[in-house]
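S.K.: So you can see what is in the structure, the chains are spelled out below.
2 protein chains.
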Amino acid sequence: MTTSTYTVVGMTCGHCVSSVREEVGRIDGVTQVDVDLANGAVDVTSDAPLTDDAVRAAVEEAGYQLAGS
Amino acid sequence: MTTSTYTVVGMTCGHCVSSVREEVGRIDGVTQVDVDLANGAVDVTSDAPLTDDAVRAAVEEAGYQLAGS
Chain P
1 MTTSTYTVVG MTCGHCVSSV REEVGRIDGV TQVDVDLANG AVDVTSDAPL TDDAVRAAVE
61 EAGYQLAGS
Chain H
1 MTTSTYTVVG MTCGHCVSSV REEVGRIDGV TQVDVDLANG AVDVTSDAPL TDDAVRAAVE
61 EAGYQLAGS
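Taken in sequence, the protein lines are chains P and H. Heads up: the first sequence begins at 1 in the UniProt record's numbering, then just goes up one per residue. Heads up: the second sequence begins at 1 in the UniProt record's numbering, then just goes up one per residue.
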């Protein structure tokens with residue numbers, strides 16, 4: 001079990017949080033996604049370590065971006 | 001056919017726009033809802049005039065408020 005924290009930019013409301021949670025939650029092996037709207041922190045828990053590319057793709061699919069990408 | 005413009009506060013993103021459009025669009029007689037996120041303007045077109053209460057209730061159901069209410 002691994003938990004990594006990413007920073008997502010562009011989320012403005014609870015709908016945005018739901019979109020990110022949904023897309024990131026679809027990544028294979030992800031068991032939990034916690035999003036803090038105020039600071040953009042997204043904690044992703046998974047059975048095995050994820051690649052940043054997989055998380056970035058899911059965040060972008062939701063319509064947002066990882067900080068620094 | 002009547003078109004009235006309301007101002008909705010609290011919308012921050014496209015998801016918010018969709019929520020307001022959906023709820024207001026459910027009011028009996030409403031045929032079109034146009035939302036301008038930037039200024040909160042919501043143009044509601046309907047077969048017959050609507051009560052402000054009906055529009056206010058729909059906006060609040062979506063999670064937002066009419067300006068001044």
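Derived by calculation from the structure, the hints in this document are not laboratory data. All residues carry an ideal CB built from backbone N, CA and C; glycine is no exception. Don't take each hint at face value.
[Claimed, not checked] Cβ-Cβ distance ranges computed for the label pairs, FRET-style:
1) P:Ala41 to H:Met1: 45 to 51 Å
2) H:Arg56 to P:Asp36: 27 to 33 Å
3) P:Gln32 to H:Ala38: 32 to 38 Å
4) P:Ala54 to H:Asp43: 40 to 46 Å
S.K.: Is the hinted range of 45 to 51 Å satisfied by the C-beta distance from Ala41 of chain P to Met1 of chain H?
M.R.: The hint (45 to 51 Å, Cβ to Cβ) holds, given that Ala41 of chain P and Met1 of chain H are roughly 48 Å apart.
S.K.: Indicate whether the distance between the beta carbons of Ala54 of chain P and Asp43 of chain H respects the range 40 to 46 Å.
M.R.: holds, 41 Å
S.K.: Between Arg56 of chain H and Asp36 of chain P, does the beta-carbon spacing fit 27 to 33 Å?
M.R.: Cβ of Arg56 of chain H to Cβ of Asp36 of chain P: about 32 Å, so the range 27 to 33 Å holds.
S.K.: Falls inside 32 to 38 Å, the C-beta gap from Gln32 of chain P to Ala38 of chain H?
M.R.: Since Gln32 of chain P and Ala38 of chain H have Cβ atoms about 36 Å apart, the given range 32 to 38 Å holds.
Hint violations for this structure: none, all hints satisfied.
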